[in-house]
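Visitor: Given the coordinates of chain A, work out where chain B should sit on it, guided by the hints.
Line by line, the protein sequences give chains A and B. According to full-length UniProt numbering, the first sequence is numbered sequentially starting from 1. According to full-length UniProt numbering, the second sequence is numbered sequentially starting from 1.
Calculated from the structure, these hints are not laboratory results. Note that this is a predicted model, so its numbers are computed, not measured. Heads up, the beta-carbon is just placed ideally off N, CA and C, and yes, glycines get one too. Honestly, I wouldn't trust all of these hints.
[Said to hold, decoys possible] Have a look at the derived ranges for each label pair, beta carbon to beta carbon:
no.: 1; chain 1: B; residue 1: SER223; chain 2: A; residue 2: PRO196; range: 29 to 37 Å
no.: 2; chain 1: B; residue 1: PRO327; chain 2: A; residue 2: PHE231; range: 35 to 43 Å
no.: 3; chain 1: B; residue 1: PRO109; chain 2: A; residue 2: PRO150; range: 25 to 33 Å
no.: 4; chain 1: A; residue 1: GLY229; chain 2: B; residue 2: LYS36; range: 32 to 40 Å
no.: 5; chain 1: A; residue 1: ILE55; chain 2: B; residue 2: ALA55; range: 26 to 34 Å
no.: 6; chain 1: B; residue 1: SER223; chain 2: A; residue 2: ILE55; range: 29 to 37 Å
[Claimed, not checked] Below, computed lysine-lysine pairings styled on BS3-like, alpha-carbon distance capped at 27 Å:
no.: 7; chain 1: B; residue 1: LYS131; chain 2: B; residue 2: LYS112
no.: 8; chain 1: B; residue 1: LYS88; chain 2: B; residue 2: LYS326
no.: 9; chain 1: B; residue 1: LYS326; chain 2: A; residue 2: LYS199
no.: 10; chain 1: A; residue 1: LYS199; chain 2: B; residue 2: LYS312
no.: 11; chain 1: B; residue 1: LYS175; chain 2: B; residue 2: LYS154
no.: 12; chain 1: B; residue 1: LYS67; chain 2: B; residue 2: LYS131
no.: 13; chain 1: B; residue 1: LYS315; chain 2: A; residue 2: LYS199
no.: 14; chain 1: B; residue 1: LYS88; chain 2: A; residue 2: LYS199
no.: 15; chain 1: B; residue 1: LYS175; chain 2: B; residue 2: LYS196
no.: 16; chain 1: B; residue 1: LYS36; chain 2: B; residue 2: LYS88
no.: 17; chain 1: B; residue 1: LYS326; chain 2: B; residue 2: LYS49
no.: 18; chain 1: B; residue 1: LYS112; chain 2: B; residue 2: LYS88
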Amino acid sequence: MNALAYYYCFVGILKRETYRFLQQRSRFLSSLVRPLLWLAVFAAGFRSALGIAIIPPYETYISYEVYIAPGLIGIILLFNGMQSSLSMVYDREMGSMRVLLTSPIARAYLLVCKLLATSLVSLFQVYAFIAIARLFEITPPLMGYVYLLPAALLPALMLSALGLFLSSIIRQLENFAGVMNFIVFPMFFLSSALYPLWKMRESNEITYQICAFNPFTHGIELIRFALYGQFNLLAFSVCSITTLVFLALAIIGYDPKHGLLKRKSGG
Amino acid sequence: MKNHRSFRIVRASALLSLLGLAIPSMAEQVYISNEKDNTLSVIDLDSLKLISTIAVGQRPRGITFNKDFSQLYICASDSDSVQVMDVKSQEIIANLPSGEDPEQFALHPNNKHLYISNEDNAVVTVVDTEKREVISQIDVGLEPEGMAVSPDGKWVVNTSETSNMLHWIDSGTHKLIDNTLVGQRPRHVEFSDDGKTLWASSEIGGTVSVIDVATRTINREYSFHIPGVYKDKIQPVGITLTHDNRLAFVALGPANHVAVIDIAQQKVIKYLLVGRRVWHLALNSDETRLISSNGISGDVSVIDVKSLAVLKSIKVGRFPWGVAVKP
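The following block holds chain A by itself, in its conformation from the complex (with noise of 0.2 Å):
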C-alpha cells in the first residue's frame, strides 16, 4: 500500500464529510444559530455579571459576551463532534458503513481520517461564528484568529474522538437522546464554558472539582489562551491525552475481533 492511497482515502472521506455538510445547510445554519442564541440573548442578561476580577489571558475587565466566546466555539466542536458520532450510527444503520470498512487500508487509520474530516469541517463553522461574533465586540487580536485555528482544531479532535468512541457503543439512533441528557449538557455545563472555575468554586467545591476535571473545560481554555496570543500548557495536555484515550477506545470498538460491534451484532 503506498502513500498515495493513504492520500486518496483521506481525500476521499474528508470530501464525503464536506459533501455531506454543505448539503445539510440546515445543520450549518443551527450549528451558528445556536451559539449566537446564547451570545444574543443568554449573555445579554448577563452583562454585567462578571468584570469584578481578571482572570488570565485577560488583561483587563471583560463584558461576559467576550467571556463566553470560547465556551460558544467549544459548543460548536461538542455538537460537531456529536453530529458526527450521530452520522456514524446512520452510516451503520444504513450500510453505508460497510463500504467504508472494505477498504484494504488499516481500519484505524480510517478512523483518524474520519476524526480528521469532521474536525476540518468543524473549524470552517468556528470561524464563520467568531466572524460574526464581531458585531457583538468580540474583538480579539488579529494574531488571536491565526493562533485560534491549531487552539480550535485540538479540541475538535478530541471531542469528535469522543463521538467516535460513542458510536462504537451507541447501537441505535433512538439512543442519542441519552447521549444528549447524560453527556452532551453535563460535559457543557459543568465546564468553564458558562462561568469561570472561580466563580463555580464560591458556590460549590465539588462542582468546581468536576469542572476542572472536565476535559471539556481544558479544551475551552485552550481556545480561550489561543485567542489572545497565549499558550496553556495543561489545557494542551490534557486535551491531547483525553484525545489519544478516545482515539484508542474508539479503534479498539471498531476492531471486529476485539471490539463492541462484534458483541453488539452477537457474533
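Guide: This is chain B only, laid out in the frame that chain A set:
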C-alpha cells in the same frame, strides 16, 4: 551649536546600536494617588508596568504637575497640607499651607497660584507656591470639590457638592462673581482648550453639563445609559477632553464604565468597561492613551484612544484617586 549636538547624539546612538546596546527610552510615566495607602504609584506607560511606589502624606487625593513637570503637588487631605514632591528625587520637599482637608486643586497658568478646595470648611484657598503662603480664602458653597482654571487664567471655577453650584471666581480680584446651578452633587469641572466651554459632572444627578463660559449658562446636558447597568449606578465624576475638542471622556463611578462623547455629534459613542468605581481620568501628552483610576478594584485601566479599546488594567495601591501623566 544645536545641530552639532544633535549630530553627536545621533552618532553616539548609532554606536550604541552597533554595539547591541539598547538606549533607554524616555517613556511617559503615570502618577496615581492611592487614597487608602498614603502612597503614589508610578506606572511606565510603555511597558504598562508598575515601576515604583512612593510614600506621601495622609489620604492623598488630587495631584497635578507644575508647568515643567519638575514638581508634583499632592493634596494630602488628612495631613491638611498640599505636599510638593521633587519628581527627579521622588522626595517631598515642602508642605504648603492649604487650609483644612484639601481635596482637589488647580494650578493657574502663571504656574504660581494654586487654588485648593477645602471640603470641610466651605472655602477655596489660594496659595502662592513660590512664597509658600496663603494669599486668599474665598467663601463658596458647602463641600467644595471640583476645581479648574480657565486656559486664559481669568476664571477659577469651583463646584460645591451640597449646594449643587459652580462658583465663578475672578482670578484677578479673588472675588466670587457668579454661580451656576447644575445637577445634584457636582464633582468635577474641566475647561475646553479654547476656553469657550466648561464641562461639569453631577454625580447624583447622573449628568454632565456643558456650560458656555461667556454667558455662564448651561448649553447642553448629557445623560448616560449603559445596557445592563442600573441607572442609579451611573454617577459621573472625572472628565477629560482632548485638545482638539473632539472627544470628551467621562468616568461613571460605580457603573464601572468610561463614557466617550463625540463633541461635534453631541452624543455618547461608546462605553468602555474599566475597573470598579472609576473616579478620575488623564490623557498622556500625545493623547494616544487615556488612564482611569478605579477606586474599589484598586487598579488603573489604560485605554487606547484611537481604537477606543481598554488595553490593560494594572494593580496599584488601595483606592487609587488622582491621575497625572508626566511626559
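Visitor: Any of the earlier hints contradicted here, and which numbers?
Guide: Failing hints, ascending: 3, 9, 14.
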